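> Chains A, B, C, D and E, in that order, are what the protein sequence lines are. Taking the numbering used here, the leading residue of the first sequence gets 310, the next gets one more, and so forth. Taking the numbering used here, the leading residue of the second sequence gets 275, the next gets one more, and so forth. Taking the numbering used here, the leading residue of the third sequence gets 24, the next gets one more, and so forth. Taking the numbering used here, the leading residue of the fourth sequence gets 32, the next gets one more, and so forth. Taking the numbering used here, the leading residue of the fifth sequence gets 47, the next gets one more, and so forth.
Since the hints were derived computationally from the structure, they do not count as laboratory data. From a predicted model like this one, the values you see are computed outputs, not experimental measurements. Be aware that a few hints might be false.
[Stated by the list, open to error] DEER-style ranges, computed between Cβ atoms:
(1) R472/A <-> D854/B: 27 to 33 Å
(2) A167/E <-> A477/D: 52 to 58 Å
(3) D340/A <-> V75/D: 47 to 53 Å
(4) G88/D <-> R111/C: 45 to 51 Å
(5) A57/E <-> F92/D: 45 to 51 Å
(6) V885/B <-> Q344/D: 36 to 42 Å
(7) L762/A <-> D854/B: 52 to 58 Å
(8) E675/A <-> T758/B: 40 to 46 Å
(9) G487/B <-> H371/A: 37 to 43 Å
(10) V864/B <-> E675/A: 47 to 53 Å
We treat Cβ as the ideally placed atom computed from N, Cα and C, and that holds for glycine.
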Amino acid sequence: MTAMEFAQFPILSAILFSTLLALLVILFIPDDRPKLVKQVSLGFAAVGLALSLYVYFAYDPHKGGLQFVERVLWVKSLGIYYFLAADGINVPMILLTAVVLFTGVLTMWELDKRVKEYFALTYLLVAGVYGVFMSMDLFFIFVWYDVSLFPMYPLIAIWGSTRKEYGAMKLTLYLLAGSALILPGILYLWAVAGGTTFDLFELQRLGFDVQVQRIAFVMLYLGFGILAGVWPFHTWSPVGHVAAPTAVSMIHAGVLMKLGAYGILRVGMTLCPEGLVYWADLMALLATIGIVYGAFVGLAQTDLKYVIGYSSVSHMGIVGLGLSTLTVDGINGAVFQMFSHGIMTALFFSAVGYIYDKTHTKMIPELGGLSKTMPKASAFFILAAFCGIGVPCMSSFWAELLVFISAVKTYPLRGILAVSGLVVSALFMLRVVQKTFYGEKNPKWEHIPDVPLFLASPRIILVGILIFYGLFPRLILDIIQSAVVPFVNSL
Amino acid sequence: MMWLPHDPVLSAALACATLPFLSMAVILIFTRPYQRLSCAISVGAITVCLGCALYLLITLRHAPAPVEYQWAWIVSSDMVIPFGFLLDRLSLLMLTIVAVISFLVQVYSIGYMHGDPGFSRYYAFQSLFAWAMMTMVIAPGMLQLYIFWELVGLASYLLIGYYYEKWSASQAGKKAFVMTRLGDIGFFLGIITVLLGFGDLGILHMNHAAQAGDIHPAVVTLGAILIFCGVVGKSAQFPLLTWLPDAMEGPTPVSALLHSATMVAAGVYLMSRIFPFFAASPDAMAVALIIGTITMLLASTMAFVTYDIKQVWAYSTVSQLGFMVMSLAAGGYFAGVFHLTTHAGFKALLFLCSGIFIHEYHTNDMREIGRGGGRKLTIPMICMTVGALALAGIFPFSGFFSKEAILGVLAEHPNKLFLGAGLLGAAMTAYYSFRLIFFILFPRSTAEEASHHEEAHGHGDDHGGGHHGHVFWAMAWPVMILATVTLVLGFFQNELQSYLLALEPASHGHEAVEHGGHGVGHYLLLVTAVCLAVGGVFFAYLEFGWKKATQEGFLRKFPAVETLFANRWYMDHFYRKALDLLVYCGFTNVFTRNDRRVIDGGIDGICRFTVGGGRAVSFLQSGMLQYNLVLMVAAVGVLVLVFAL
Amino acid sequence: MNSLSVYLTVAAVLFSLGLFGVLMRRNLIGMLISIELMLNGANLNFMAFNRFLAPEPAVGQIMALFIMGIAAAEAAIGLSIILALFRRLRSINVERAQRLRG
Amino acid sequence: MMKWTLFTPELYYVAVASVFFLCSLEKKADPRRLYRWAVILAGVGLAVTVACARMEGFLFFDSYKVDLFSQVFKIFLALGMFFVTMVCSELYGIEPRKHAEFYFLLSICTLAMMMLVSAVELLTIYIALELSSYSLYLLVPMRHRADEYVETGIKYFMVGATASALMIFGMSYLFGITHTTYVADIIRKLPEVLNQPAAVVGLLLALGGFFFKQALFPFHIWAPDVYQGAANQVTTYIATASKMAAAAMVIRFVGMSTGQSEVFIQVLVALSILSMTFGNLVAIVQKDIKRLLAYSSIAHAGYMLIGILCMTQRGYSSAVYYALAYLVMNFACFMVIIKVAPDGHNLQIKELAGLHKRSPLLAMTLMLALFGLAGIPPTLGFTGKFLVFAAALEKGYLMLVIIGMINATISLYYYLIVIKAAYLLEPVREYGPVRVDPWTRVMSAALVIAMVYVGIFPDRFVALAEAAVSVLP
Amino acid sequence: MSGSFVIDSLAHAVFWVVVGIVFAGAALAVFPRNIVYNVLGLILCLTGVAALFLYLGSFFLALMQLLIYVGAICIAIVFAIMLSRPLHLEVPKRRMPKLAAGIGAASIFFAAIGAVAWKTAWKPAAERGADWTITTIGHLLLTRYALVFEVISLVLLVAIIGAILTTGFSRRLSS
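Full structure from sequences and hints, please.
Okay, here's the thing in structure tokens:
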């Protein structure tokens, strides 16, 4: 353990280990104190949120580059480093994770089945997510990546709903099949570089042969792309979301899918720029198909969560399109979209979660007229839908704007196609909103109380963030840009 | 907020661009349960805005150059999207119109929406609407304009679908949103075209550069046509016009707002905003002119046959918007804007008056209103007649002046077909607007045409019964103000003209026409137009007002044509079919099947194949020792053979 | 013809016949006998290499000697297991032993 | 003269074996007492082995080499032995009167395998291997009331005898081509003659004996039946300790070719792929958890071979690490099985239903162990796979690694099925809570911690493995 | 010369006879379905192999072969036969697929190792000793192979204990 480079208080480690600590603490709480488990969870989530906010504010976009660096040699013979750092791309992701975790804990406040295990697994999952978003070492990126995936299985299979075992199995296997491509990709790069280091930036400095980059990039892109919901590897996403319990869907669609896009960006694009250039055309094509296709398929769904699942496919297509443009604007937009889609989809699932908890159905034909009985609960979904449509002054609008501008610039035809997808997405979102929330009051749901303030608080936070960054996008875009500009210049 | 006090102009602009938003936020978050408070907040905000708008108009009316404020909203690579204000004559005029109409509508709504359970929500949306529109109007750059343009769309979606429990209302809201979205795609792509072809989205820069020929003509043409797509969607031009009549599902004040100063006006405003840019491309102008003409005529025909009071005005809006587009496309910048202004006044008036009738008689059917004794509501009746006269272009009402200006512009156009169309349109306008007036004025008690047209589906304003005094007056005051405006506005044509055009130097040809357009031809045209309008009114009187009139309309004799008109030229059917065929049965169906069967099925298939493979391979482990041994020995033998050979 | 190849061939034949017996015989004792044949094949190999190639003649012999010892032990254990099986199944037919499968 | 101290662990186990031999002569040996003694003796054995870890030298005229490599594997073996005796507290799989013989054979087997990993002369290797095999042949049919599984012993024996015949036949070729029986000499001479078919064939056939122990395709055929048919503790031993010695020997023998023969490597690649694929595919359809683990062990033999066939220091060290990982994880699984089926019956997967309620600790141990076997971080199973694949990619075997990872994904499926049973399924009938004694608790906790700790902090263990293989010629 | 030639050719002929005996014995040990023939074949074969050992220059091994194999192993097998299945029972019919598979696998293997044996260029060692005395063997057994020598005793011990254990005879009189 040499080469300690702790410049200051290891804030990133603190965030990471607070989740693991939470996991341990929860494990040692007696089974019969679910309330305590929830309180502890919320407490740790709040701590994580506070620390992430600190990171967010302490990050200096003018300086740019990696900040909060922690680097320790981990396994000497392979060149593995415990290397945490954050740049402008990570900071929003860390913040996103913290927010979604916090709101996710709040959303599951009424959980009464195997509470302890649920929150323990959630924290394990989130630890993995944080780990990926903070690590700058390929080994650890992969480790945390897998750590974030496998708790999904129990989380869905135990606490899920519709076809939960099928969904859980499908999701887990599919995603881990993706990681079956990532690991060879990472190791391949490592081996080609001489087998001495897993440090992302050292590898980047060493550089790779064009042919190597092309091969490795495909593996990394497919591997991470599966998690990012790249068409046509997206089908796990709706199935998994439908099966998962609310907060898991939130974390999963909100944060986990971003891991995929982040991985493509951080690992694939950093290490294999030539490979990226070679495959960018295909990437853009897949992303465009995803955008339009997701919207169209979403149009035919009758399950609320399926709808959101497909909207995620569509929105993650925007991320992919942005990445594939290889321009500052496009990648800015993609990262911004990762953030806003995370918040938005968390809001979506959170809103649906409450409805499902109360009505025990998420089938659109059975719902209807909900706005009359539960206006507040409905409002959150509708707001999320607006955000999904790309209504201005909500954060995802900016992301889409940037992506589309650069997409039309780089790939005119695909860009125009993707922009036209906006109409379809508007159609299907509004259709869902209309069928679910509008219309005559449904006597079946008359007795249902509207969401009380405490239970609504997670959604309020999420809506607040969406609108806040919609009005003041620079507060986050400047941070993102501080990382993207040097990144694109280095391509 | 240190920078606030230093510059009153800026503070005023900022107030316009923030107060309604704040009011919306406050209402939605805090004061939802307190209806009166919400109402007060919203009306208060809009009043302040009105004050600010008027202040700005007065302060800056002689400003030599546009006042511009900008802050970087987002910065990405070398692209800076600013948020700011462009205060020039056009935007200030429009800002004032918006503020005035919004203010009046909101005041009117105190009465109209009284007792509605969603009262607070209504005002929140109204604030949103006002905010979006005002900020759009003073936007300095195309992107900001686009952003608030979209928000206007969102607000109108919310307000049209205000009675969301009514299926048709939510349907209409959705339709409005999606159809305008369709146009907005073009708008957005147009912006990107300009961005990529020119690199600057500042409206003034664009205009200057286009006029100076600094932008490649192809970019200008493409950009202008694409941007015009947005106008088509927003201003309900052909072929995206069918959403506007449906948008009547919203509360009537909303319709008033929508049709006069906000939503649909946004399109025309956009066109006049970047008029020099448009003007730099003759091709785009030609396209716009044709579209405008078609729209105007088409919409008029639709208005012939409907019995829904609001729909008549809706069609008239479409056709008047067509007029404006024609005017702008023909180069009549002032005429277009002037008509936009006057139209805002009298169309708001018409809707608000209709609102009073609807509020009173709980029906949209003009015959029902007439039979119910609509003429007895004197003030609204008079005001509505004033509005109708203005709409028909009868002297001395404001519509007369603006319409004349437009016809004057059309007369200058080399292709006289457009002038003919304009004149025809004027006549038709007069006919259908007075058809409505006469229906109410001279009701027929017999229900001979029993349920021939089931247009008047039960309206949603089913709140409280008879009108209380203050409720009625809250509605009546705005109407009366508007009627006055309609009466006098026309006489300010010259002032407005000099105000507006001071900044637009008479360098380009069309404007010169307007300045010196008082030739003999002009008077001839004037007389013709008035005659046509009066003729239209008279024809309407013959058919509907006269005691012996059948109140059937001449179109009854051409049932095919009538059906065609009544069905909006089957445009809705076409869209419905196209949507069903292409979207629902087409892509959606194919993609969904593909998703289930091919992609997901493929994945599941791989899994099943793997499991099946496991089952198949497991037979190798047959339990019979010697079979297994055979396998082992054979495998080893093969391996050894590999080396031996 | 007293050459290495002949011995190797004889050994190969013995070994393969033994292998064949193991694969084919249903009588467990028959299988055991076949295994003894295989071991003899190996033994013969050792002795042949010892005779024709090896530097130290003693090594191959010792090898063969120990293989014999192992064969004896193997026979003892094999036979005892076969007998144990017989006591349960009342049969020494290997085809009776196929309950575990899949 | 010889330094007998080098031989201490082996002598110690001879002594242990004698103790149990004496016990077996007793008229009536108390199983509890025997168990206690067994645990103590095995524990001391582990301590002795660890204490001797740093010894180096040759014994018996260079036919016996004590070095770090062998000592590391001896530690693994002693650990395995200790583990297995630990879970013998409810040895219902074996008749009580045969317990002494059971322990005796266990010690003998451990002893034989210790000699195996140190032996560097063909005959010694052969005899040691046979000794360990015979002990296992005898342990397998010892199962109490084994009517259903009576055929297991004979299957094991027949396959083993055939494999060992193949092996000695191959050794005879090695002897013929290199004229020596010393591994060191063979390694020196073999590369020159590697173009001769007999050399590689001899090597391959000789490897067959160890592949048999390792249950590598196509020598795997005994594994499912024996795993299922043997008493749970015996299966545990076969699945853990006996794999260690085989791994060591495969490393030693594969190293003989020093990577000179392309075809040989390709054959090993093919075997590894076949083994992984076959094992994983068939495991999917299993209902009996021991049988499932048998197939998974076939697959794991394939993974381990990936590391070995790289024939680099990194490859060997990764295989050593993988062996350790496999030992610990597999033992954890079997410990859970034994505890859940205290009467020694064969556990079906569905019988695990509701385990998370019946014994959360065991359920967690099982889950972690299975995730480890599937290669999911942060367990040591993942690190093992990672090292193995890293070594393979260093040699450029990209396709092999991808196939390996796909296989890992397939394997996840059936591991998840087991985990699902333990965590999700509601039991069909009430099984009652699992009796977990304090020792088992400690053991579970230790295993959990070990699995995670070694997975997260692999540095020291990797260094140890590298040091161990660095002494290989 | 002629005498040695006669002896040589006689030895040669006898060698082939011995090889024939070995083959015949092996065939007899494998093919007949009657287990007694198999044992007799095994004995014949082993004796032939012992003779081959003589040809290969090791009288000691030939003797050992007879002692251990023929003397011990075959007798044990005979005992096992007596203890197990009554000989008069009908022997089950052969199954053709299994036969074919067995023949196939075994002949692949035979072809493989035959090819290996023939294609390999066997080279004798550079220096070859000619020390065939039993003394050397004994010496080696107690020095170089001392460990093996010890271990084989363990093997035999395990085999004995195992045999007793497995066949179910307990050394404890109680059961």
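> Determine for every hint whether it applies to the structure shown.
Going down the list of hints, with the structure as the test:
R472/A and D854/B have their C-beta atoms about 30 Å apart, which keeps the hinted 27 to 33 Å range intact. Hint check: A167/E to A477/D, Cβ distance near 57 Å, so the stated range 52 to 58 Å holds. Here the CB-CB span from D340/A to V75/D is close to 39 Å, at odds with the stated 47 to 53 Å. Checking the proposed 45 to 51 Å range against G88/D and R111/C shows it holds: the Cβ atoms sit about 49 Å from each other.
Here the CB-CB span from A57/E to F92/D is close to 37 Å, at odds with the stated 45 to 51 Å. At roughly 39 Å, the beta carbons of V885/B and Q344/D sit within the given window of 36 to 42 Å. Between L762/A and D854/B the beta carbon distance is about 43 Å. The supplied range of 52 to 58 Å is therefore violated. Taken as a hint, the range 40 to 46 Å is violated for the pair E675/A and T758/B, whose Cβ atoms sit roughly 54 Å apart.
At about 41 Å, the beta-carbon gap between G487/B and H371/A stays in the expected band of 37 to 43 Å. Checked against the hint of 47 to 53 Å, the pair V864/B and E675/A fails, with Cβ atoms roughly 27 Å apart.
The structure fails hints 3, 5, 7, 8 and 10 (numbered hints given earlier, in ascending order).
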